[in-house]
Amino acid sequence: MILRRAQYELAGRVVGPVLASLDGWRRRKRPPSGASRSSPFGPPLESVRKLKEIMTAHFFQARYADGAVPVAWVTSGFPVELLRPLGFHTVYPENHAAMCGVQRLVPGLSDAVEAQGYSRDLCSYARADLGSVITGRTPVGRLPRPDLLACCTNICQTVLYWYKALADHFRVPLVIVDTPYVYGKAEPHHVQYVRDQLEELVRVAERISGRRADPEALAEVARKAKEGTDLWAECLATGKTRPAPWTGIDGFFHMAPIVALRGTDVCNDYYRLLRDELRDRVARGIGGLREERHRLLWDNLPIWFAVREVATLLAERGFNFVCTSYTNAWAEAGARIDPRDLIASAADSYTHIILNQDLPNRLGILRRLSREYEVDGAVLHSDRSCKPYSIGQVDLKDRLASELGIRVLLLEADHSDPRAWSREQADNRLTAFMEGFA
Amino acid sequence: MSRNAYIARQREAHGRKAVAVLPIHHPKELLTALDLLAVEMWGPPGAPRGDGAGRIQAYVCSVVRNAMAFLCSGGADAVDGVLFPHTCDSIQGLATLVPDFGGWGKQAFTFLHPKGPERQSSRTYLDGELRSLARRLEAFTGRTLDAGRLAWAIRLHAEIDAARAGILDARSRLAAGDPELYALLRRGEWLWPEDHLAELRDFRKRFPDGAGRAGVPVLVSGYVPEPPSLLRTLNHAGAYVAADDFAAVGRRVVRTAPTAADPWEGLQQRYWAAPPCSTRSADPDARVNHLLGMLDRSGARGVILQVIKFCEPELFDVPLLRRAFAARGVPVLYLEGELEAELSGQTVTRIEAFVEMLAAGRAA
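In order, the protein sequence lines correspond to chains A and B. So in this note's numbering, spot 209 of the first sequence is number 209, and the numbers just go up one at a time. Numbers in this note's numbering are just positions in the second sequence, counted from 1, shifted up by 1000.
These are calculated hints, taken from the structure and not from any lab test. Wrong hints could be hidden among the right ones.
Keeping only pairs whose Cα atoms sit at most 20 Å apart, straight-line, the calculated EDC-like set for lysine to aspartate or glutamate is [unchecked claim]: (1) A:Lys50 <-> A:Asp348; (2) B:Lys1309 <-> A:Asp111; (3) B:Lys1205 <-> A:Asp111; (4) A:Lys185 <-> B:Asp1051; (5) A:Lys397 <-> B:Asp1100; (6) B:Lys1309 <-> A:Asp269; (7) A:Lys397 <-> B:Asp1051; (8) B:Lys1309 <-> A:Glu114; (9) B:Lys1106 <-> B:Glu1138.
As the structure is a computational prediction, the values presented were derived from the model and not from experiment.
Please model the entire structure based on the sequences and the hints provided.
Encoded structure:
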């Protein structure tokens, strides 16, 4: 146990950062490719190096977490602020599945679970994660075995079934935080229910970690989490300027710390760095694209395996995704958090996640983003793997177009399974969409 | 009598309003106590009836797409309101799409039942949710829900469940065919409960326990027994449903009568005593044990898993059930459909081959 803990600390504090620095150094040594000279994108963000460093260190440390510290696998919308003060190392299977998506590993991982009877119609994040568990294949070297599975249904019901399957596999406790969907306004007993479950969660987590939840430590993590979401919101808000200093596609990658490291100094330090760099680019008129001619909104998860090709196709004609409803969700989550009463405010906050609220609320968010970021058009990713995000998009498309007078495209794909993607068809649709702006 | 004619007659003769109810789990006792006729809407099956289906992507299950089309096209105009239970992400989305963005202008209710195991938090929440729904229904009907009336409704539904359980458990001794039996059981989805109970009792008089039923007994698990030709094909091939785990049928038969004097506690008891269901996020071990128990008691020699395409709650349980039955050496036939009006020829052939295999196994 002591040796394992020493390995864990060493991996996180020394080896991980050194490896990440070496990797960064090797990349910098490579001669610049000719393609970059003709790239439609602006100069890359300097912060990317730091982002890679902290995420590499995070995943590297995770390899040594089990046996050293309690490990929790959590959903992206889980109130992780309650676990951090108890010393949990948190693993985000969705985050991991997104990495599998970027590296196009999902078909292979999915094949493994399909052979066990899982349908290809299920969420590709779930298939990738379960496939990784079964095969041991992962782009991060190794995922630590969980001591606790913590699942919050505010992003979808899918995670409930997915985590049940994980619990059945690992035979470890599963804590469910069931968040009743908000139609109009949340009823008091709905929020109270979430609050009661969070209190139950703390008791389970205390038992597993062997530690007591110190109110001051909880408040401190809550303060950091709130600050982190505010910093992330400041980063995103820089996209309101013309030209936007980065692209929404950059945002998809830079959101990793707010998802996986929320409530930590590492997360907040990173977003200060990123915010300052973005503000500097704004001051100097440096854009995410060399020439930003049209500004777009992206709705839903990214198409991880094709994110660069879609962005490039659009960027070549001066189209930039200056805002996305997905990255914005993590900027709004902290507004309701009150460090003085973490459990009550977390119950309120985590009940009111975008995906746990009705379509008029969603339309309101899309409308607001469209106006604040002054977009000319929107691409709604109709995501086969994410039904709660996708149901209603046909109507949202029509309403955005008629109310705001912008062009809107519904683009069907999947967030991480390339088998549900036809590049030619997508290129055709995107090209026709862009031609409409001429 | 058609559903619409029945709804009209209930309104005319008893002044009852009607509420369309989406699948699956809802406190029907509350509706009955407030003299509301519940008319369940499982799709309806067949091709979507109207263009509204196009407002939902084709990768969403047919139950939701068909319901969308049906509501938008006026198919449910005979009812006065619609209730959306919290079954899955898709029904959850439908419950905001139709009332908020057009397609359903009458009253819409939601019932967000808890997910996961029974816990203190979920018991407290369920009580709050039941009382909240009751208040909304009281305002809708203009009636006051009194405890005595609620207790009566709970007793009535417990009697219905006892009668349904009696019939399902006696399958191997009843001469009735599966299509006839399921037509009876599924009329409970829209008949006034007292009318349904009378039909169930009459059925038992017409079909008392008899000699053992010929054919291969099978366990069927799935969402809803659609299309009806599934049952005809099964019977024609020489098999019959000996054990039922359809979400629309067997998974809603509560086999323990509530003991609480307080009717609100009685509602809780009935909710938590219902058989394990994927859409309530049943514990995997509990679900497997329940199904293996059904298998043993019924003597079923094979299992048919009939899943609606894109139905996540059901699809996630499939590997678990396959493993459990495989470990017992029980053959499984997996069917996936989209509420088609008829079975495809390929599916009919697969069912026939499966039954032949089971029958041959018996002979061997």
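Practice task
Could you tell me which of the hints above the structure violates, numbers in ascending order?
Solution key: 1, 3, 4 and 6
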